[in-house]
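Colleague: Residues per chain are reported as follows:
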Amino acid sequence: MKPEARERNREHMVLDTNVLSRRSSWCAPNRPGWRHFYELLLIGTGFVALVPLLRAHRVTDFMIFCIFAMSFDLLYGYMGRLSFGHLLYLGAGAYGAGLALRYVTSNPFLAILLGTALACLLAMLVGTVAVRATGACFALINLAFNQTGWFLVMSPLRRITNGQDGFGVEAMRLGWIDFGDANFRFWFVLLVLLLTFSVLKRLVSAPYGVLVRSVKEDEMRVRFLGYNTYFYKWLTFVISAAVAGLAGTLTALNYAYVNPNTMDVHKNVGAVFACLIGGAGHLYGALVGGVVYMLISNFLPVYIRCWEMFLGFALLIVVFRFRQGIWGSLQVWFSQAAAIGRLRSHSGKEALLK
Amino acid sequence: MIYTLMYGLTIGAILYFISIGLSLTFGTMRVTNFAHTITYTIGVYVLVALVQEANMSYSLAAALSILAVVPIGYVIERFIIRRLYGDSLDYTFIATFAVSLIGVDVVKWIWGVQPKALGDPIKRYVDLAGFMFPLYRLIIVGIAIALFLALQVFMKRTMVGKIIVAALEDRDKVRCLGIKLDKYFSSAFVLGSVLAALGGVLYAPITSIHPYMGTAILLLCFAVVIVGGMGNLKGTFLAAFALGMVIAITARYWPPGAETMVFVVMAIVLMFRPIDV
Chain A
6 MKPEARERNR
16 EHMVLDTNVL
26 SRRSSWCAPN
36 RPGWRHFYEL
46 LLIGTGFVAL
56 VPLLRAHRVT
66 DFMIFCIFAM
76 SFDLLYGYMG
86 RLSFGHLLYL
96 GAGAYGAGLA
106 LRYVTSNPFL
116 AILLGTALAC
126 LLAMLVGTVA
136 VRATGACFAL
146 INLAFNQTGW
156 FLVMSPLRRI
166 TNGQDGFGVE
176 AMRLGWIDFG
186 DANFRFWFVL
196 LVLLLTFSVL
206 KRLVSAPYGV
216 LVRSVKEDEM
226 RVRFLGYNTY
236 FYKWLTFVIS
246 AAVAGLAGTL
256 TALNYAYVNP
266 NTMDVHKNVG
276 AVFACLIGGA
286 GHLYGALVGG
296 VVYMLISNFL
306 PVYIRCWEMF
316 LGFALLIVVF
326 RFRQGIWGSL
336 QVWFSQAAAI
346 GRLRSHSGKE
356 ALLK
Chain B
-10 MIYTLMYGLT
0 IGAILYFISI
10 GLSLTFGTMR
20 VTNFAHTITY
30 TIGVYVLVAL
40 VQEANMSYSL
50 AAALSILAVV
60 PIGYVIERFI
70 IRRLYGDSLD
80 YTFIATFAVS
90 LIGVDVVKWI
100 WGVQPKALGD
110 PIKRYVDLAG
120 FMFPLYRLII
130 VGIAIALFLA
140 LQVFMKRTMV
150 GKIIVAALED
160 RDKVRCLGIK
170 LDKYFSSAFV
180 LGSVLAALGG
190 VLYAPITSIH
200 PYMGTAILLL
210 CFAVVIVGGM
220 GNLKGTFLAA
230 FALGMVIAIT
240 ARYWPPGAET
250 MVFVVMAIVL
260 MFRPIDV
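Line by line, the protein sequences are chains A and B.
For the first sequence, position 11 matches number 16 in the numbering used here, and the numbering has no gaps at all.
For the second sequence, position 72 matches number 61 in the numbering used here, and the numbering has no gaps at all.
Be a bit skeptical, because a hint or two may be false.
[Claimed, not checked] Taking lysine to aspartate or glutamate pairs in the EDC-like style, the calculated list, with each CA pair at most 16 Å apart, reads: (1) B:Lys105 x B:Asp171; (2) A:Lys272 x A:Glu222; (3) A:Lys221 x B:Glu42; (4) B:Lys151 x B:Asp171; (5) A:Lys206 x A:Glu313; (6) B:Lys97 x A:Glu44.
[Stated by the list, open to error] Partner residues are not named here, just some residues of chain A that face chain B (Cβ under 10 Å, in silico): (7) Leu148; (8) Met159; (9) Phe278; (10) Leu300; (11) Ile301; (12) Leu305; (13) Val307; (14) Arg310.
Just so you know, these hints were derived from the structure itself, not from any lab.
We treat Cβ as the ideally placed atom computed from N, Cα and C, and that holds for glycine.
Please take these sequences and the hints and turn them into a complete structure.
Modeller: In structure tokens form, the structure reads like this:
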């Protein structure tokens, strides 16, 4: 081998180790890959197990909402910023994908990409303003943007979005990929859900995730440590919006139809409810909460006329008595059980020693 | 154009009535009250029931429906808001939102979803420099200005008002003086609810009445409170009329954009003056 080439090779090696070290800091240390795989398998099995009970098309709905709930959880549960306008990005994704399919291309994957990109772009713009606010102002300013977006779709952009009526969406068939087939949609959405979960799980267990959680605890101190919190908040906002946009594109493909209801301001409460009841700040919590909320909103109206009132009372109970949510209390329960088990085995050993 | 200004003044007055309570609860108790306009909606529905079904005169029905709101405001304060003092803003937001969900559903349950309408109770016009104004709207604006002055006097002269103003500045110091703030917070909250109901009762004849009317106007009122500064009563007064004008002028030139324009103004204000809560 010529020395020159070796030199180049060494350069490559240096670069490679760089990438490796970066990657090892990107995902959490000591994380066995198998555990992650089992987690994904568990979630996948859980959703597949729902199919016989609820039919595939409904579970597809549930899963799309769960993706949205996870994106909301990143913003609210992990970073502690409650937004009342997150549906704007779901709507942007849906409209992006729908309009792309209507005017630009008939390739569904390109449409998904374009829809997500639209939501991402919108969040980049809105984020520069919204992220500066905290607490109630953050919630309200997002709500204002959501309302503005809804209005834009309804009125000034009526020519291309067809206003209140919405428009139908038709995706091309690519071999066995057929979005007209409910079973295919189910498996595709499941795949996307697992992918999203996997990516978000890595993100939140990386140093980035720790930083985001510390912004929730005390932003001022994080700033004292020398981090540009504004940038990280903005980044989280954009990531969260992009995932919400992804959920939106799936909504458009799933219903083959887009209308302004996808970004109705009042539906934001669904995401908040899902995150809270599942347990804010856990991705599993978002999944559990998403399924619970969808069960309530799908089946309760059938049996009870005033289901919104029920939702209100449930929210009050969650706020006053049950703040850690289902997943949080399960975690507490598990750790208690484990501690009791450890204590028992300890005392058993001591008894043996005596 | 003069009519547009008149319309803006009317909307501004209504926004002012409703925003005072929001501004007070926020400024004193640090609670973002999403359930604020539930008293507004309930007040309006009671008014409609009294006028249309009990055939009462408008002014008597208005007084009764404002009184009817007092216990509701007290119950909400006592059992929901009081537990949330000093809590994180997210939870107060969600809890009050839950209250508004329940309230809207109760209204739907009792009175149904169908929109209702009330006629102008006075039906008289006033000739001002060649322009015909509905007397009713002039009265609304007059009441708003009178209320503003009365509140200024109330806050400056009476003991309750002074304590509330002091609590707006610094709650802990007021507590250190040995004053039980809960009582005053509760009266401030009821006052805010009553004023919201007053706004509703005055607005009812010139708007459409439906269970979600509270949510629609609540967003505008949040914009007013943010633009005027939370807990700043004079700022709320000015912001309410300024945003009323924004609505009226946009409605004249670009009707569908009227309410969205308010949010644009709010976003611009927040951009230059982010409020840290």
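Colleague: For a quick check of understanding: which of the numbered hints are violated here, in increasing order?
Modeller: Numbers 1, 2, 3, 5, 6, 10, 11, 12 and 13 - these are the hints that the structure violates, sorted from lowest upward.
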